[in-house]
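Participant: Line order of the protein sequences matches chains A and B. The first sequence begins at 1 in UniProt numbering and counts up by one. The second sequence begins at 1 in UniProt numbering and counts up by one.
If you are wondering where the hints come from, they were derived from the structure by calculation, not from laboratory data. Mixed in with the good hints there might be a few duds.
All copies of an identical chain are treated as equivalent in the list; a pair is satisfied when it fits inside any one copy or across any two copies.
Unchecked claim - Distance condition first, Cα-Cα at most 20 angstroms in a straight line; then the derived SDA-like pairs of lysine to any residue:
1) 54 / 36
2) 173 / 55
3) 173 / 51
4) 173 / 35
5) 54 / 70
6) 71 / 83
7) 98 / 55
8) 98 / 25
9) 98 / 26
10) 71 / 149
11) 131 / 164
12) 173 / 43
13) 71 / 26
14) 173 / 39
15) 131 / 74
16) 173 / 152
17) 131 / 89
18) 131 / 167
19) 98 / 24
20) 98 / 17
As the structure is a prediction and not an experimental result, all values here were calculated from the model.
Protein chains: 2
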Amino acid sequence: MNFDLNEAIEVLERTPRSLEFFLSGLSDEWLACHEGEGTWNVSEVIEHLIEGEKNNWLPRLEFILQEGESKPFPSFDRYSHLNQKNARTFEDKLLEFKTIRAQNLIRLKEFVQSDSDLEASGSHPAFGVVKIRELISTWVVHDLTHMSQIVRVMAERYRSDVGPWIEYLGILKKK
Amino acid sequence: MNFDLNEAIEVLERTPRSLEFFLSGLSDEWLACHEGEGTWNVSEVIEHLIEGEKNNWLPRLEFILQEGESKPFPSFDRYSHLNQKNARTFEDKLLEFKTIRAQNLIRLKEFVQSDSDLEASGSHPAFGVVKIRELISTWVVHDLTHMSQIVRVMAERYRSDVGPWIEYLGILKKK
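One chain only, chain A, in its complex shape (with noise of 0.2 angstroms):
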């Protein structure tokens, strides 16, 4: 295990800003491509990105320290942010996810104190008895996943341009 609350957090309160200078001021043609029918854009991604931190990691966290493993936590839509129609911009969620993910790392720090509250467990839905500390270890992995697609939806739109070099590239080679 590997697993350590400081380290965590590192990753997490880094994650918004990272992606922020990343994406920033792109051209609409990089926020928009995807990787074929059914996957999701970049924009896509920050959206999702923005329901977890609304809906995914924080209630579940104070649900787990609320309720044990007495209930299982209510099961978390995956796909609900595809679903919102709403105006606001590509920058206007870059700027939503920053904000939220600051929020519920002041809280997270709150509620999360000692070594018996990283162990405390509750009831997946799905998988049954999970740790305070494997929902965080999640979180984090779970940026990393999402920034890893993010790069990877991008590398597609240049699969034919690259000529070639498609050989030695990693990124273009996993389907």
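Starting from the known structure of chain A, fit chain B onto it as the hints suggest.
Facilitator: Relative to the frame of chain A, chain B by itself:
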């Protein structure tokens, strides 16, 4: 084909700063972790990106513009950074990458000013005829590949820590 020089530069100019925001100040554990014997840690990936700025992308572009297809450009040793012994700190490496990338983008804009420059072709030692626009596309996707590698390497560190959530985390399923 989706390549557009300005859009390619948008990505190339964002990579170093995004990585700086993501990686600067991280605990050594994040910077030193890797995917096993013979794989690169985050710090080695940054060294490789610096090496590419010094000996791969711009030098090859210049070589193509000067020599055309008359002689193949020198091959690039993708592992040379592993043989360098130096005492640079990780923060120095991030700064070096940012500085040399910025210089190279200035030179790129000087060298490539027209569509015909983008169509200029050279001779790759392994692939044969390649075009400037393929080289620049590859430069972009190469950035994305290594950003993907960095987050994948970091995610690997928490493989055991996420507990049953591993099921939902694509980034940990690649092996």
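Participant: Checking an output row: residue 131 and residue 74, CA cutoff 20 angstroms. Within, between, both or neither?
Facilitator: Cα proximity of residue 131 and residue 74: one copy only (16 angstroms, versus 54 angstroms across).
Participant: Under a CA distance limit of 20 angstroms, which applies to residue 131 and residue 167: within one copy, between copies, both, or neither?
Facilitator: Classified as between: cross-chain Cα gap 16 angstroms, same-chain 42 angstroms, threshold 20 angstroms.
Participant: Given identical chains, is residue 131 near residue 89, meaning Cα to Cα at most 20 angstroms, within a copy, between copies, both, or neither?
Facilitator: neither (37 angstroms within a copy, 36 angstroms between copies)
Participant: I want to check one pair: residue 173 and residue 39. Are their C-alpha atoms no more than 20 angstroms apart within a copy, between two copies, both, or neither?
Facilitator: both (17 angstroms within a copy, 18 angstroms between copies)
Participant: With 20 angstroms as the alpha-carbon cut-off, assign the pair residue 173 and residue 55 to within, between, both or neither.
Facilitator: neither (34 angstroms within a copy, 25 angstroms between copies)
Participant: Reference check for the pair residue 98 and residue 25, CA-CA at most 20 angstroms: within, between, both, or neither?
Facilitator: Answer is both; intra-copy 16 angstroms and inter-copy 19 angstroms each pass.
Participant: Tell me, please, which holds for residue 173 and residue 51 at an alpha-carbon limit of 20 angstroms: within, between, both or neither?
Facilitator: Neither. Shortest intra-copy (30 angstroms) and inter-copy (23 angstroms) distances fail the 20 angstroms Cα cut-off.
Participant: First find the shortest C-alpha distance between residue 71 and residue 149 inside one copy, then the shortest across copies, and answer within, between, both or neither for a cut-off of 20 angstroms.
Facilitator: Answer is neither: 33 angstroms inside a copy and 38 angstroms across each miss the 20 angstroms cutoff.
Participant: From the Cα coordinates, with 20 angstroms as the cut-off, is the pair residue 54 and residue 70 best called within, between, both, or neither?
Facilitator: For residue 54 and residue 70, the Cα distance exceeds 20 angstroms both inside one copy (23 angstroms) and across copies (59 angstroms).
Participant: Classify it for me, residue 173 with residue 43: is the Cα-Cα distance of at most 20 angstroms met within a copy, between copies, both or neither?
Facilitator: neither (24 angstroms within a copy, 24 angstroms between copies)
Participant: Given identical chains, is residue 54 near residue 36, meaning Cα to Cα at most 20 angstroms, within a copy, between copies, both, or neither?
Facilitator: neither (28 angstroms within a copy, 36 angstroms between copies)
Participant: Quick one: residue 173 to residue 152, C-alpha cut-off 20 angstroms, is that within a copy, between copies, both, or neither?
Facilitator: both (10 angstroms within a copy, 15 angstroms between copies)
When each numbered hint is compared with the structure, violations occur for hints 1, 2, 3, 5, 6, 10, 12, 13, 17.
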